[in-house]
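**Q** Take the given structure of chain A and dock chains B and C to it, following the hints.
Chains as they are written, first to last, in this note's numbering: chain A, 1 to 469; chain B, 1 to 172; chain C, 1 to 375.
Treat the hints with caution; some may be incorrect.
Unchecked claim - The calculated EDC-like cross-link candidates involving lysine to aspartate or glutamate, where the alpha carbons are at most 16 Å apart (straight line), are:
no.	chain 1	residue 1	chain 2	residue 2
1	A	K292	A	D26
2	A	K209	A	E41
3	A	K310	C	D267
4	B	K129	B	E169
5	B	K87	C	D267
6	A	K115	A	E229
7	A	K38	A	D298
8	A	K38	B	E166
9	B	K129	B	E166
Unchecked claim - From the derived model, a few chain C residues whose C-beta atoms are all more than 10 Å from chain B:
no.	residue
10	A16
11	F28
12	V93
13	A95
14	G98
15	S114
16	L182
17	D240
18	M261
19	D267
20	T272
21	P282
22	W283
23	M303
24	L327
25	V343
Stated by the list, open to error - Here are a few chain C residues that sit away from chain A, every Cβ distance over 10 Å (derived from the structure):
no.	residue
26	G21
27	P121
28	L173
29	L191
Source of the hints: derived by calculation from the structure; they are not laboratory data. Here a beta-carbon is modelled for each residue, glycine too, at the ideal position from N, C-alpha and C.
In case you want the letters, here they are:
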Amino acid sequence: MTIEAPVLLPADEAAPPPRPALIQGDKSPADVTRDICKPIERRAGALWWAGFLTALAALAFGIWSVTYQFMTGIGTWGLNRTVGWGFAITNFVFWVGIGHAGTLISAVLLLFRQKWRTSINRSAEAMTIFAVICAGLFPLIHMGRPWLAYWVFPYPNFRGPLWVNWRSALLWDVFAIGTYFTISLVFWYIGLIPDLATVRDRASGLRKKIFGFLSFGWDGSARTWSRYEMACMLLAALATPLVVSVHSVVSTDFATSVVPGWHTTVLPPYFVIGAVFSGFGMVLTLMLIARKVMGLEDYITRRHIHAMCKVLVFTGSIVGLAYTTELFVAWYSGSAYERFAFNNRMFGAAGWAYWIMVACNVVAPQLLWLRRVRNSLVAIFAISIVVNIGMWFERFVIIVTSLQRDYLPSTWAGYAPSLVECGEMVGSFGLFFTLFLLFCRFFPMISMFEIKTVLEPTEGHGADSEGEA
Amino acid sequence: MQRRLHVGMFEREGDLMRAARECRERSLPIVDAYSPYPLHGIDPLIGIARSRLTLVCFLGGLAGLTIALFFQYWTSALDWPTNVGGKPYDSLPAFLPIAFEMTVLLAGLATAFALLARSRLWPGKRAPKELRGTTDNRYALVVAEESAELAPREMHDMFTRHGAVEAWEELE
Amino acid sequence: MMADGTDVRDASTALAGTRQGLIVAAGFGALVFLIGLMVAPERTWGGYLMGFSYFVGLALAGLLFLAVLYLARGEWAFPLRRVPEAMASTLPVAAVLGLVLIAGIHSLYEWSHSSVVESDPLLTHKSTWLNGFGFSVRLVIYFALWIWLGRRLVRVSRSGDRAAEVRAASWFLLAFALTFSLASIDWVQSLDPHWFSTMFALRMLSGIGLAGLAVCTIVLVTLRRRGAMREVVTRDILDDLGKLLLALSLFWAYIWYCQYMIIWYTDIPEETGYYILRHRGPWAVLVPVNLIVNFAVPFLALMLSAWRRNGVILRRIAVWLLVGHALDLYVMIAPPLATSRPVPGLWEVGPLAGILALFAWSLLGGMQPRKQAAV
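Next up, chain A with everything else stripped away, as it sits in the complex (with noise of 0.2 Å):
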């Protein structure tokens, strides 16, 4: 019996017709080594300079308020009895979110092959490393006396021996974030490897020894890029569910409690896909500003950006999907608790926060529909940076409206950010930019090797049709 021949596709329906090429210009491998290595042999320009120091400043002024606050204790931060968590919480959770970006980059599009990947991988795993590390210290710096830092972690000791609680969300996140900054380093590092030897190869002096030393004795061997790319596809095939998982315990931390707000079931997909959502936005913003300060408009194209704007459509309509189902179930539950919730997040004391991020992550990216703003770098950048914006208050305003107005109206409190606290926050803006341009300036922030791979054959190079037969 033979069923087959109803479904089968007339041949020129099955395959969809041809793309334009993802790097423009018609490189060769040997331009493409040299274009992404000029950045980093030459001496910097005045526009990196420029925004080093702006960087430097911002970091500055973050590690002033750190040392401050160390030394005066966490009095010298607006928090009260009522609302114990309020800006460093909201900025951990905001830059794990920055950082989910760059695994799903490098990861989950390397398992679905999509090629538009290989011009901004590298720069977002390192952003995803920047982020973790900004992400990291916060946590640390609301401990108050971080030089006991490490009482989180479970060592035998002579108190019992007295083990950590393995019951507490918080606890969850020292495991989640170790293993993620751990493996995202790691993926990134393998990554770069090839890339180092590269450098190491076209270098001379001081220059040499510190890429070869970096580079680890690579050759491109064939039997090395066998394994090389098997180990590459294992990390990603393990980053991908890792990086659902970091943020869905992060999102443990609210979901797990009691508070009408912080407690919904679906807040751990809701905080990845919004964490994709906001990573997707700084990727954005990143990559527009590097294109034009290194020059790399040939390899990070108008497609790139495109794609990029489609992820944040369609994260932004989920994450307004996921406003839309609180409030509908809010309303459903009959729960008097949760109606009151939703209402004072919306109307309350803090109201002002929940509309600035309705319009930032719902309305401001379904813009990116007009074709006029969809051809405009300038538009996207800007929408780029609201989606940010936007999405920090997302944090803010679950952390703070929901402890604002507790079960017991006697101890309801206001919330006001002091000046120590917004230095901090500038300061992990300053922290993330400081890294992210030493980045660009020593190491080759796109990853040559594999653009290599996705060059389009032509006559001059690469592989020709004989020889692929």
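**A** Coordinates of chains B and C only, in the frame set by chain A:
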């Protein structure tokens, strides 16, 4: 035992692949190929077996899962049972997040270290000087000469016929 | 391929034969259903609801795959898209089943009895949403939207107009996200009318995604084994399907765990009733069974690339997952209804099997070229 190695340096992926295919047809043992990016289809020509990193990764993950589950259970239910929020001593649902993280951590580290160890890559290792261009835009094919039946001249000719820009021989 | 005419005629005769068998099976299901309505209406309607949810889920999964395919431009899967299209073509049949479901409201849903609602303030509050009229109107709206936008989605795929594909896919996804969330509350979550969970739509979605992909896998492997589509359904494609099944199984477990863990951890009375019914007492045995069937076994089996690349084994795993989906629906639907023991009987299995036969019948119908042209 000393072996004579013939090295052909190419500037196109296709040239190297054709040379490699001819070596394969003539049963000349290819020692290795060097390229700026992974060449697809070269593995069977050289005879590279499928990597067993998957197994290493799986075992690493299994170790992480077992250690994490056992350790959490042992500390919370056996070594010092503590009542936290009325939760049972053995709170399996609450142990799973850390068990998962440890699974991924050990699986990932095991894979990465196995890759480095198996490929003999370590910080500060020196790379062979004569193959420098292979990290940029060149492709090198190394063929071993195990019997005297093949004249060095013939080897050189075969490489140039396929478009090699350089060809030389060395002793291992 | 099918060069000469006799083969084609044989093929359509054989296909007609299979379809005849399936429609007879569906008829038997209908017979059991009718008898069941007299003997054990609640259980019978429970079985019907399981079958209906299963059927709608598969049809929607087809549209969902198409929409995602167009948005993500997943080129490797482009040549396979006739299979999800055929799944989607069964949607009108599902709509008819939905209209029949309206007749079962009183047997299925506690909120449909005004005497119960009046004495229960929570249900009184919810009666704005949960009432027979609203339920029926919404059901018609859901299906109207799905069929309308779904047809557009299939139609643009013939036109080859990229921009139109993206537009149609976006509109469908937008409408789907909203309507599916509400429909899953209406049809399944409101069986436990006091309970609520923001995760519930995702809980349903993870199930239909897994079952939908399992159906695609079965169809594609069968076609491959019969000799057709060999150039298209390569071993690499089988490998990809296996990996996707693995990922969706993991996703299913993730959603299951998140909803359970958060409710277990917080332990507040508004929410725990749902799990007390299912995780304590006679139903508790199904909890590990469900996790093993839908997660542990497929997860471990699909880790082996040799198994993923073997059509026969892959198809077996897919069939296993389809059974798993029925079990998953059983755990969600049956406990609040009449039976106190987790033993499905003729009244549950009959309607469910009949509806699944009807689905297979419509699916095969959707694969015929004449029907395709008519869409």
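**Q** Run through the hints listed earlier and report the numbers of any the structure violates, in increasing order.
**A** Hints 1, 3, 8, 18, 19, 23, 27, 28 not satisfied by this model.
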